[in-house]
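Once you've looked at the hints, dock chain B against the given chain A.
There are 2 protein chains.
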Amino acid sequence: METKAKLPPGFLERCIDQAIGRTQADLVIKGASILNLITGEIAVSDIAITGNRIIGTYESYQGVREIDGRGLFAVPGFIDTHVHCESTLVAPGEFDRIVLPRGTTTAICDPHEICNVLGAQGLAYFTQSAEALAMDLRVQLSSCVPATGLETSGAELRAGDLLPFLSHPKVLGLAEFMNFPGVLHKDPVVMEKLYAFAGEHIDGHAPKLSGRELNAYLSCGIRNCHETTSLPEAWEKLRKGVHLLIREGTVTRDVTTLSPALTPETSLNCSFCTDDRNPLDIFTEGHLDYSVRKAIASGVAPLHAYRAVSYAAARGFGLRDRGLIAPGQRADIVLLEDLEACAVKRVIAGGRLVEEIDFAARALPGFVGLESMKLEKVSPEDFRTPGTGPTTAVIGILRDKIVTEHLTMTLPYRNGERLPDLANDVLKIAVLARHGKNRNIGRGFVKGFGLKNGALASSVGHDSHNVCVAGTDDAQMALAVNRLVELGGGFVAVANGQVVGELPLKMAGLMSVKSAEAVREELIALRAATRAMGCELAEPFLHLAFLPLPVIPHLKITDMGVVDVDKFALVD
Amino acid sequence: METKAKLPPGFLERCIDQAIGRTQADLVIKGASILNLITGEIAVSDIAITGNRIIGTYESYQGVREIDGRGLFAVPGFIDTHVHCESTLVAPGEFDRIVLPRGTTTAICDPHEICNVLGAQGLAYFTQSAEALAMDLRVQLSSCVPATGLETSGAELRAGDLLPFLSHPKVLGLAEFMNFPGVLHKDPVVMEKLYAFAGEHIDGHAPKLSGRELNAYLSCGIRNCHETTSLPEAWEKLRKGVHLLIREGTVTRDVTTLSPALTPETSLNCSFCTDDRNPLDIFTEGHLDYSVRKAIASGVAPLHAYRAVSYAAARGFGLRDRGLIAPGQRADIVLLEDLEACAVKRVIAGGRLVEEIDFAARALPGFVGLESMKLEKVSPEDFRTPGTGPTTAVIGILRDKIVTEHLTMTLPYRNGERLPDLANDVLKIAVLARHGKNRNIGRGFVKGFGLKNGALASSVGHDSHNVCVAGTDDAQMALAVNRLVELGGGFVAVANGQVVGELPLKMAGLMSVKSAEAVREELIALRAATRAMGCELAEPFLHLAFLPLPVIPHLKITDMGVVDVDKFALVD
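Chains A and B supply the protein sequences, listed in that same order. Number 203 in my numbering belongs to position 196 of the first sequence; there are no gaps in the numbering. Number 497 in my numbering belongs to position 490 of the second sequence; there are no gaps in the numbering.
Isolated chain A, as found in the complex (with noise of 0.2 Å):
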């Protein structure tokens, strides 16, 4: 699972060389104080470096270039075991500038989000564009798109759609199967992908899946989990094989939560990611940067922590050629000016000292998905409510959880029409198709957004990513999608009539075609327009895009309907 790339001719002469000391090494960072990751030492020591590869520790080396390394640590370079790069709202390029002068200098990746809008093609940009980064962008093949039955989405990849992509020197395996219902029911569509990748890494996603159910899922060569969110959980899970994927984006954070399963005997099975995160929490937090600081501050100690997020992360995906700071390794380094605060001076990735200027040499792929948005305009009468009696179910959002409550309320009821129930936070919510498949709304109630007179309406909307607005009344859900649809995509706030905030994501709906310095105020422009309106959850339309998820528990909305995610079925 290693890059096999042919070498080029003449360098293992020059590793052997330099690391000999015939002659001089091409980079060599002096004097640094190396975390060992396998014995618990703290030395100082030379770091040698031949092209992209470690070549020589632990002795005196000189080097072409030096790098001064007194009174800073050396890591290897971090490794995002899970992240869907859509979720910062930037393009890969712009995702790597920002998270790789942190400290992350391998992402694994699941274009998960961009393959519902565009299918293969949403992997075809990602492996372009991994090919192009600065950091080694790893792309797993998304395996469950779409995610459900319960849903259009904009494609559908079967295991010979992704079987092709497996030889591609990027690709690791197959993504987080989401699917873990179907992997019960044995449905034939993910079977057939359980057998295509049968021996191959096959990511999980198994929140709260436990006992003999927990043992089919696994059973099926799954190996790993970034869905657990509860201590008891994480040691059943350990308990039975998984590789741990200790998560902290920007709604689920689950690092303090999980930092006691994350001891010296369990370190090689527990690794960092970070899922979803947005540009605001990188800049502001930081990436896995932030995470290990948090583990370390919940008790962690710093030599795990650093396990964690190095290598055990590269062992548990078959990366056996990174990780540790040693000959023979590819040179990721991080350099830290303080180990416990994880104070990243300098980074090192595959043997080059990551400087911003390089970032604008990449020849990036150009933007794609930027005709997304196949969707009509809509009128106020689109969302009417009509039901059967005042009592319905209502989506309860939990503050800092994706789970939701699966709650029973009983609404104002008027002329055979359910409606908002504004005294106690219950708004409208409709999920419209957006694909061109068909014209699909799906309509329900959801409480805990706290708006008392507007719409947010979202065209990143989990997993298949149709539109996804949530108002106070139906003209003014009809004035946010409208308006979203003119923007190409993205997120729009409406308040009082007007629209009071937006942020495009042109590509594909999910990704913005800017800067992300310019997403970043973009977004917190964005925020306080959100909480001008009453909103006091941190992300609004985080929340909001994952309400059509209906692979976590318990109510979620599609288009086609509520969804009891537990019976895994439409709500009457």
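It should be emphasised that the hints constitute simulated quantities derived from the structure, not laboratory data. Heads up, a few of these hints could be off.
As the list claims (entries may be wrong) - Covered stretches of chain A (in silico footprint by chain B; criterion: 3 or more residues with CB under 8 Å from a CB of chain B, positions within the stretch not fixed): (1) 209-220; (2) 230-244; (3) 537-551.
Beta carbons are placed, not taken as given, at the ideal position from N, Cα and C, and that holds for glycine.
For chain B alone, coordinates are given in the frame of chain A:
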């Protein structure tokens, strides 16, 4: 690197149904105490198995067949990370039959010995055998045939001869890269192999290599070492990312010395191997069970000893389908009556309870290399040792070690000929080419066998397996060699002018065509014969067999003459 053989249709559906408990599992171990190698916990649980796969743990299961595990500990099957099956002196089928019931469910062998005699035919014989065995025998591709240019081997395997075997499902990568001087000197034939296998698994062999030279060796992508014999050497290698394969063979026994390096932190970077272990030791002491027992007796916690012998070994070789008792893993399980004593009660290999009767059913390939002694009759004159003076280099045998001392001694000197010095235990030694390529005879002197009147001859002579003979006089040396040729290879002991012991090894002059039990009896008789001759070494024939190995320090002998290994050159 795992077995990616297509799964039989319906297999995963059977796994799911049996794991959930919709149907009975194929096999259930009831109520064993699982030693969990990730968490360190010991807890009573059923273990459910479908076909060759574990599908359920920590839940209650019913099986079509059930094994009572109450009162027993369950640990994953043991993995011998580096073994030359030829050194057991029996065919792979016999190796399987004697080590599998002792818990060794996977062995990673290097058929280096037979390849030095038969070339690619040896590789083919081992891969064919592997397909028939009850255990999972993995075959590394012998990297150093011939080991050096300082000897005449029966065959040469170049990169192009090895590569066609790489796609075989039983092959993991390149076997121990013994020619470390060749790496350091950038020998073109060596470099060709390192380029051809770049990014693949490459086993190491680096006795006493340290500092920048070790860095250079490792920078070529070599991953492990089984030739570590001291603690400082072990710590340097661990620090530099080397997976430590702690060896307990017949001659070389490193477990007691190296156990302090097997700690909670390093336990996923340490494993065990036997390398060269004769059937007598397997019958009396055990196989890897003996290594585990000895490590625990040396102070290693059972958790870390069992982790090293299974989980660490599997991951260190890229085998992600075994090494844990967990759903989705291969059903290789050892049931123990006692954890600290590593007392093996029952073994399950690939989902089948190991029973003596099943070994008879294996479809083993026919014997190969039955005509490998391409050597003409010799006379005493062939062993004359003319010299320019009485002082000469003498090989000093070290008890229980394959490294030797480079002694300089003054010998009896008459008529321009150096003679053995029996008073000081210095015998004559010779190595005779036996592959029909030439009629080379290398001659020298050796101290340490303790013979008073006789000779010992062997067709096992690492690594080219020329004939090696040591004796008190030329006539008895000639008698021993001539008897060896008549036998078609093996070991011969001559005393007082008579053959007093012999053990035929008709397959390539390396392996018996008889049962392991028969070979054991022959070895016991042979040992008694050498003991009666005054030899106090526990295994004189194994010492004899390693004297021609010019990649092990310090002084050795080949058919070309005496070799100073430190200078990697023939002596005068």
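Just pull the numbers of the violated hints for me, sorted ascending.
Structure breaks hint 3 only.
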